[in-house]
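Q: So the sequences go chain by chain: A and B.
The numbering used here applies: residue 613 is where the first sequence begins, and numbers increase by one.
The numbering used here applies: residue 613 is where the second sequence begins, and numbers increase by one.
These aren't lab readings, by the way, just hints derived from the structure by calculation.
Treat the hints with care, since some could be wrong.
Any copy, or any two copies together, can satisfy a pair, since identical chains are not distinguished.
[Claimed, not checked] Cut-off 20 Å, straight-line C-alpha distance, at most; resulting in silico cross-link-like pairs (SDA-like, lysine to any residue):
#: 1; residue 1: Lys-715; residue 2: Phe-835
#: 2; residue 1: Lys-759; residue 2: Ser-709
#: 3; residue 1: Lys-638; residue 2: Glu-818
#: 4; residue 1: Lys-615; residue 2: Glu-628
#: 5; residue 1: Lys-816; residue 2: Glu-636
#: 6; residue 1: Lys-672; residue 2: Glu-643
#: 7; residue 1: Lys-820; residue 2: Leu-843
#: 8; residue 1: Lys-695; residue 2: Lys-715
#: 9; residue 1: Lys-782; residue 2: Gly-656
#: 10; residue 1: Lys-638; residue 2: Ala-668
#: 11; residue 1: Lys-782; residue 2: Glu-627
#: 12; residue 1: Lys-693; residue 2: His-625
#: 13; residue 1: Lys-832; residue 2: Gly-657
#: 14; residue 1: Lys-672; residue 2: Met-717
#: 15; residue 1: Lys-832; residue 2: Ser-844
#: 16; residue 1: Lys-820; residue 2: His-781
Treat the numbers as computed from the prediction; the structure is a model and nothing was measured.
Protein chains: 2
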Amino acid sequence: MSKALLASTSTLHGEEYLEYLNPEIKIFFSEVEEVIFIPFARPGGISHDKYTHLAAEAFKRAGIKLRGIHEFDNMQEAIIKSKGIFTGGGNTFLLVSELYRHKLMQALQESIQNGAAYMGTSAGTNIAGLTMQTTNDMPIVYPPSFKTLGIVPFNINPHYLDPDSNSTHKGETRETRIKEFHSINTQPVIGLREGSWLLVSDNKIELKGKLSARIFKTEKLPFELETNSDLSELN
Amino acid sequence: MSKALLASTSTLHGEEYLEYLNPEIKIFFSEVEEVIFIPFARPGGISHDKYTHLAAEAFKRAGIKLRGIHEFDNMQEAIIKSKGIFTGGGNTFLLVSELYRHKLMQALQESIQNGAAYMGTSAGTNIAGLTMQTTNDMPIVYPPSFKTLGIVPFNINPHYLDPDSNSTHKGETRETRIKEFHSINTQPVIGLREGSWLLVSDNKIELKGKLSARIFKTEKLPFELETNSDLSELN
């Protein structure tokens, strides 16, 4: 089983970037000398360099070195050799397109299967699922495939948002969108609320953080899963 | 120039399906004997038959006959011969995939260029833009292309939603998502609020309804466009 930390969001309201995850990062990457950062999702269109600087500052506060994948001449080799990888959030379509363009999707899978510790936030967490098809992002670019890493045997919806009963907006709720996903696809989906993360290790997938998560299975009513539950049977 | 009525949403809060558009539908399709309905976007996974029934009931209240495209043996021929077409909302990825699968994207373009009146709501409006890349929907299926009808020379974001200043949610706002779109793409985007529609005719594109719309251009600050404005220069 792979080793992964998959967070719904990088940042909680009123906090610094990765602040609430700082203690987790310290433990998760404790045996890693240098983490490779994948900045391809470019939130708000930020440059690779600026995004990497932001991540490096946050990792420095956890006592861990971090370097952007775009700084390597041979990105595939860097990923294969790496012992720790962090993929930041932003636009999932752009992230997946760039991973395929640089032939890194398979390299990532190999590296993680060989024991590299993988951390994701938001888009970086979404791609740990079977496909990117439960992303919330706009299709700003056309990727060659929607297939992603499959570190976990289901799909992930990051930034999961409960329906707002006071809303007068008629756009689909998140739950309706996932229902539409299940009118065509069969894999389960976990709606991961902000402040929650999945910890994958030793044949276990655990829900962490203070909140419960919402589980969606095809042709079943969605249900809540309490924090610290084991999700190993979800597939 | 084509003839089109492109609404942000089918339904306003507390109203029946297409209720607020009833007077517009009467005028827009006044010279059309039978409107062809495209139910492929299947909101919430509803069947083609049920969705067509819903649309037919609403059109009956406007005194207009409507029939589902899936009822025709030769869908391409039906579209080419049609004088009026209505595409309902739902999932844009599914809609676009089905239009390409049935080879209807080009048939629609031809029909509209030859004078067929085209009405869309939500996903049906999104596909009237140059590409579907400013949809809000989940990528529940992989379409062969993101290119759409191009009835208007820009992109449309239906159900446009202003940022909620009280929100503690860290998912991207609509404005941030469109900014990410413009980090890669150059065409303008109109954020069409619920209750607004575009009326395309006689070399004019007019904004209708009570609300203003938000216009996004690459490397410019977004701005508001008042209702009844002419958008013919937006490209």
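Q: None of the hints should be skipped; say for each whether it holds.
A: Hints, verified against the model:
no.: 1; hint: Lys-715 with Phe-835; verdict: neither (37 Å within a copy, 40 Å between copies)
no.: 2; hint: Lys-759 with Ser-709; verdict: both (11 Å within a copy, 17 Å between copies)
no.: 3; hint: Lys-638 with Glu-818; verdict: within (18 Å within a copy, 56 Å between copies)
no.: 4; hint: Lys-615 with Glu-628; verdict: neither (25 Å within a copy, 50 Å between copies)
no.: 5; hint: Lys-816 with Glu-636; verdict: within (17 Å within a copy, 57 Å between copies)
no.: 6; hint: Lys-672 with Glu-643; verdict: within (15 Å within a copy, 69 Å between copies)
no.: 7; hint: Lys-820 with Leu-843; verdict: within (11 Å within a copy, 50 Å between copies)
no.: 8; hint: Lys-695 with Lys-715; verdict: within (19 Å within a copy, 48 Å between copies)
no.: 9; hint: Lys-782 with Gly-656; verdict: between (26 Å within a copy, 13 Å between copies)
no.: 10; hint: Lys-638 with Ala-668; verdict: within (13 Å within a copy, 60 Å between copies)
no.: 11; hint: Lys-782 with Glu-627; verdict: between (31 Å within a copy, 11 Å between copies)
no.: 12; hint: Lys-693 with His-625; verdict: neither (35 Å within a copy, 55 Å between copies)
no.: 13; hint: Lys-832 with Gly-657; verdict: between (38 Å within a copy, 14 Å between copies)
no.: 14; hint: Lys-672 with Met-717; verdict: neither (27 Å within a copy, 52 Å between copies)
no.: 15; hint: Lys-832 with Ser-844; verdict: within (19 Å within a copy, 48 Å between copies)
no.: 16; hint: Lys-820 with His-781; verdict: between (32 Å within a copy, 19 Å between copies)
In this structure, the earlier hints numbered 1, 4, 12 and 14 are contradicted, and the remaining ones agree with it.
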